[in-house]
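Participant: The residues making up each chain are set out below.
There are 2 protein chains.
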Amino acid sequence: MAANHLRFSKVIDALPATVPFVAPEALERQSGKPIELRLGANESPFGISPKAMEAIRAEAAMGNFYGDPESLELRTALAAKHGISLNQMAVGSGIDEILGWITRAFLDPGDTVVTSLGGYPTFNYHVTSFGGKLHFVPYTAEWKNDLAGLSQAARETHARLVYLANPDNPTGTFYSAQAVMEFIESLPKDAVLILDEAYIEFADQSEVLPLSPVMDRVIRLRTFSKAYGMAGLRIGYAISGPEIIAVFDKFRNHFGVNRVAQAGALAALEDTEFLEMVVEQTRVGRADLAMAAERHGHFAIPSSTNFLLTHVGSDARSSQMVDELLVRGVFIRKPGILPLSECIRITIGTPTQHAKLLRALDEVW
Amino acid sequence: MAANHLRFSKVIDALPATVPFVAPEALERQSGKPIELRLGANESPFGISPKAMEAIRAEAAMGNFYGDPESLELRTALAAKHGISLNQMAVGSGIDEILGWITRAFLDPGDTVVTSLGGYPTFNYHVTSFGGKLHFVPYTAEWKNDLAGLSQAARETHARLVYLANPDNPTGTFYSAQAVMEFIESLPKDAVLILDEAYIEFADQSEVLPLSPVMDRVIRLRTFSKAYGMAGLRIGYAISGPEIIAVFDKFRNHFGVNRVAQAGALAALEDTEFLEMVVEQTRVGRADLAMAAERHGHFAIPSSTNFLLTHVGSDARSSQMVDELLVRGVFIRKPGILPLSECIRITIGTPTQHAKLLRALDEVW
Chain V
1 MAANHLRFSK VIDALPATVP FVAPEALERQ SGKPIELRLG ANESPFGISP KAMEAIRAEA
61 AMGNFYGDPE SLELRTALAA KHGISLNQMA VGSGIDEILG WITRAFLDPG DTVVTSLGGY
121 PTFNYHVTSF GGKLHFVPYT AEWKNDLAGL SQAARETHAR LVYLANPDNP TGTFYSAQAV
181 MEFIESLPKD AVLILDEAYI EFADQSEVLP LSPVMDRVIR LRTFSKAYGM AGLRIGYAIS
241 GPEIIAVFDK FRNHFGVNRV AQAGALAALE DTEFLEMVVE QTRVGRADLA MAAERHGHFA
301 IPSSTNFLLT HVGSDARSSQ MVDELLVRGV FIRKPGILPL SECIRITIGT PTQHAKLLRA
361 LDEVW
Chain S
1 MAANHLRFSK VIDALPATVP FVAPEALERQ SGKPIELRLG ANESPFGISP KAMEAIRAEA
61 AMGNFYGDPE SLELRTALAA KHGISLNQMA VGSGIDEILG WITRAFLDPG DTVVTSLGGY
121 PTFNYHVTSF GGKLHFVPYT AEWKNDLAGL SQAARETHAR LVYLANPDNP TGTFYSAQAV
181 MEFIESLPKD AVLILDEAYI EFADQSEVLP LSPVMDRVIR LRTFSKAYGM AGLRIGYAIS
241 GPEIIAVFDK FRNHFGVNRV AQAGALAALE DTEFLEMVVE QTRVGRADLA MAAERHGHFA
301 IPSSTNFLLT HVGSDARSSQ MVDELLVRGV FIRKPGILPL SECIRITIGT PTQHAKLLRA
361 LDEVW
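Those protein sequences? They're chains V and S, same order as listed.
Going by UniProt numbering, the first residue of the first sequence is number 1, and it counts up by one from there.
Going by UniProt numbering, the first residue of the second sequence is number 1, and it counts up by one from there.
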């Protein structure tokens, strides 16, 4: 690098060059074999609501205009739905972008962040790439986030940020409102909690911590990528106190949220019937898949999401299963870190997809 | 802030809370009057190519799947078109996102960046929000970027980055290949040049600096937001040496480019006929608008873009015109900094739009 005088910023220069994100498209290119069942990224097999699809296709005709940088129509609808104020919400290009905002807003290089060992890799990626230091807390023996452990670690490390996915990815486990509230109250007062609720629509709604009243030191994250089936459109939102929401406006890419996604999300919100169908079909498919796993003697971790994490015995075994399924045109994933890496993670599919999936699984497990 | 212990990162905490981006939607909400002619953000009035529109609407059916994080199909097509390699190109959600990548990749807090006084505000916004220090060089008396001045300033300030928009925004002026090449050669060897070519399709193509051979210390930026009419879809790309292109992968939001934009851009590239129509209609409309300005005794700066900057005498006068046009349902913009702020900037419209525009202009200038 010295030879041609290219010099990067200190934080960026120190980052590894490895790219942690291998997409199904890349796997297809590597294997030369098309993926028939795409059940590895928790994308919804039920697609986008027909009403949202209509809105997206109509809005494409306005695609020559930038989207509203304030996403006011969508924010107004979301605020009404959740019973919160406009200044308590920010819309971004998916939760991933917003996780980048949060780490950037709070972390100076060297600051500590507490999260679960084996939790969402993209969050860790953002923390590291802003120079943050990750402190990991192992999952409990019941494959749940260790709330007491996370809280204790936050105190001991003087963490700036604490991350909790609820329902959790990759385990699928869920904490009810009371447990989450007790966790929030146990956290040190100078830490900010990121509560990633990407999969919240799949959880028991009577057990979900209400969004209102909004808490100043908690950032709730929601997305249209999972239950709403709009992963490829890129839209998500953050709910927090006005001070945190306002800080994002200081540096975010204001015209970054594309126009068709805004229109699609607005229409998707109104199609509650479609959402209910997705949640119900997911519940049924999840139970079927769990039974199949148990028939083969594997433990399926109870899931409140659109995927199922199943313990298959060892790290080597889960890797082998992922590879053998890929050969059969089935894309699934497995966690990268022990003990979670003894499991495979499968996105819940449609009944037709499950018929194919179970035939493939019968051959490999 | 001390009261509730919310503490942001040093760089972010020091940023102003003012949001520099007022969208036409916000102007409509403020004035309560709908905008009939949206000619302030250099969005294409000719829309999206019908072939691209078809691709976008078809791809929406796949919107439940994340887009390819490598944008391989699109990058392959772009690489073929430009005669460069895949590792010399990165695709992002528009040039604005990529400007954020570049400032982040190169700037430590306090590092200096050289740009023209009154140049692209979004670039300045990104520089400031990563703690960079802006050094401004005034435009020349001919409303052109002062290449000698920029180069000298880069040397004197030990600039990490130099920004040049060519064709320029907001002046519309253009430097031919030879002038740009001489400028590049005059820059200090440890500076990196950002050559923002958002409007390049509107320039005399025989005078455009070829993209190949790629230069290691120059980052060329192109977009589908302007001539291709896809501003609301969000897609742009960077061309540079492999070392710079690779560094973006260390920290960018890998799944951030939405799927329909990727498909739309790919189809748009193939519809050269549509692009030629847009460029030709823009050339004709630009000449008409320049003549109208001159009839009223105002100087229209010769433009190589899809907009026209016209000197109307004073800062107060241009502000008044912007306001009076808005009352008439016409959205245009004006630069914020003297002497450019003595001008109004109007996006070239369709013949129908120009008929309305000229009637409104007749009343106000």
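Each hint should be verified, as a subset may be incorrect.
What the hints assert, rightly or not - With a straight-line cut-off of 25 angstroms between C-alpha atoms, the simulated DMTMM-like cross-links for lysine to aspartate or glutamate are:
| # | chain 1 | residue 1 | chain 2 | residue 2 |
| --- | --- | --- | --- | --- |
| 1 | S | Lys33 | S | Asp323 |
| 2 | S | Lys133 | V | Glu156 |
| 3 | V | Lys10 | S | Glu25 |
| 4 | V | Lys133 | V | Glu185 |
| 5 | V | Lys81 | S | Glu25 |
| 6 | S | Lys10 | V | Glu54 |
| 7 | S | Lys133 | S | Glu185 |
| 8 | S | Lys81 | V | Glu25 |
| 9 | V | Lys10 | S | Glu182 |
| 10 | S | Lys10 | V | Asp249 |
| 11 | S | Lys10 | V | Glu243 |
| 12 | S | Lys133 | V | Asp108 |
| 13 | V | Lys189 | V | Asp111 |
| 14 | V | Lys10 | S | Asp216 |
| 15 | V | Lys133 | V | Glu54 |
| 16 | S | Lys51 | V | Glu54 |
| 17 | V | Lys81 | V | Asp249 |
| 18 | V | Lys189 | V | Asp216 |
| 19 | V | Lys10 | S | Glu73 |
| 20 | V | Lys10 | S | Glu156 |
| 21 | S | Lys10 | V | Glu156 |
| 22 | V | Lys33 | S | Asp323 |
| 23 | S | Lys133 | S | Asp190 |
| 24 | V | Lys10 | S | Asp323 |
| 25 | S | Lys33 | V | Asp108 |
| 26 | S | Lys133 | V | Asp249 |
As the list claims (entries may be wrong) - Computed list of chain S residues with no C-beta within reach of chain V, every gap over 12 angstroms:
| # | residue |
| --- | --- |
| 27 | Ile12 |
| 28 | Val208 |
| 29 | Leu209 |
| 30 | Gly241 |
| 31 | Thr352 |
These are calculated hints, taken from the structure and not from any lab test.
All of these numbers come straight from a predicted model, not from anything done at the bench.
Think of the CB as a built atom: it goes at the ideal place given N, C-alpha and C, for glycine as much as any other residue.
Participant: Each hint: holds or not?
Facilitator: Status of each hint after checking the structure:
1. For the suggested pair Lys33(S) and Asp323(S), the alpha carbons sit about 12 angstroms apart, so the restraint of at most 25 angstroms is met.
2. Taking the CA atoms of Lys133(S) and Glu156(V), the gap is near 37 angstroms; set against the 25 angstroms cutoff, the hint is violated.
3. At roughly 39 angstroms between alpha-carbon atoms, Lys10(V) and Glu25(S) are farther apart than 25 angstroms, so this suggested pair is violated.
4. Restraint check for Lys133(V) and Glu185(V): the C-alpha separation of about 24 angstroms stays at or below 25 angstroms, so the hint holds.
5. The straight-line distance between the Cα atoms of Lys81(V) and Glu25(S) is roughly 22 angstroms, inside the 25 angstroms bound, and the hint therefore holds.
6. A hinted pair counts as satisfied when its Cα atoms are at most 25 angstroms apart, and Lys10(S) with Glu54(V) does not qualify at roughly 45 angstroms.
7. For the suggested pair Lys133(S) and Glu185(S), the alpha carbons sit about 24 angstroms apart, so the restraint of at most 25 angstroms is met.
8. Pair hint Lys81(S) plus Glu25(V) holds up; C-alpha atoms about 22 angstroms apart against a cutoff of 25 angstroms.
9. Only pairs whose Cα atoms come within 25 angstroms are accepted, and Lys10(V) paired with Glu182(S) is rejected, the gap being roughly 31 angstroms.
10. Using a Cα cut-off of 25 angstroms, the hinted pair Lys10(S) and Asp249(V) holds, with the two alpha carbons roughly 16 angstroms apart.
11. Pair hint Lys10(S) plus Glu243(V) holds up; C-alpha atoms about 16 angstroms apart against a cutoff of 25 angstroms.
12. Proposed proximity of Lys133(S) and Asp108(V) is supported: the alpha carbons are some 19 angstroms apart, at most 25 angstroms.
13. In summary, the hint linking Lys189(V) to Asp111(V) is supported, as the alpha carbons are separated by about 16 angstroms, within the 25 angstroms threshold.
14. About 20 angstroms separates the Cα atoms of Lys10(V) and Asp216(S), which keeps this hinted pair within 25 angstroms; it holds.
15. For the hint linking Lys133(V) to Glu54(V), the alpha-carbon distance of about 44 angstroms lies beyond 25 angstroms, and the restraint is violated.
16. Between the alpha carbons of Lys51(S) and Glu54(V) the distance comes to roughly 19 angstroms, so the proposed pair stays at or under 25 angstroms and holds.
17. With a C-alpha separation of about 23 angstroms, the suggested pairing of Lys81(V) with Asp249(V) holds against the 25 angstroms cut-off.
18. This hinted pair checks out: Lys189(V) and Asp216(V) have alpha carbons roughly 11 angstroms apart, not beyond 25 angstroms.
19. About 33 angstroms separates the Cα atoms of Lys10(V) and Glu73(S), which puts this hinted pair outside 25 angstroms; it is violated.
20. At roughly 22 angstroms between alpha-carbon atoms, Lys10(V) and Glu156(S) fall within 25 angstroms of each other, so this suggested pair holds.
21. Between Lys10(S) and Glu156(V) the alpha-carbon distance is near 22 angstroms, which keeps this suggested pair within the 25 angstroms criterion.
22. With a C-alpha separation of about 60 angstroms, the suggested pairing of Lys33(V) with Asp323(S) is violated against the 25 angstroms cut-off.
23. For a cut-off of 25 angstroms, the pair hint linking Lys133(S) to Asp190(S) stands: about 17 angstroms separates their Cα positions.
24. The straight-line distance between the Cα atoms of Lys10(V) and Asp323(S) is roughly 45 angstroms, outside the 25 angstroms bound, and the hint therefore fails.
25. In summary, the hint linking Lys33(S) to Asp108(V) is not supported, as the alpha carbons are separated by about 44 angstroms, beyond the 25 angstroms threshold.
26. For the proposed pair Lys133(S) and Asp249(V), the alpha carbon gap of about 20 angstroms is at most 25 angstroms, so the pair holds.
27. Listed as outside the interface, Ile12(S) is inconsistent with that label: its C-beta sits roughly 5 angstroms from the nearest C-beta of chain V, within the 12 angstroms cut-off.
28. At the 12 angstroms boundary, the C-beta of Val208(S) stays outside the reach of chain V, the nearest C-beta of that chain being 23 angstroms off.
29. The claim that Leu209(S) is not at the interface with chain V holds, since no C-beta of that chain comes within 12 angstroms of its own (minimum 20 angstroms).
30. With a closest Cβ-Cβ approach of about 8 angstroms to chain V, Gly241(S) is found to fall inside the 12 angstroms limit, against its non-interface label.
31. For Thr352(S), the condition that its CB be more than 12 angstroms from all CB atoms of chain V holds, with the nearest at approximately 15 angstroms.
In this structure, the hints that do not hold are numbers 2, 3, 6, 9, 15, 19, 22, 24, 25, 27 and 30, in rising order.
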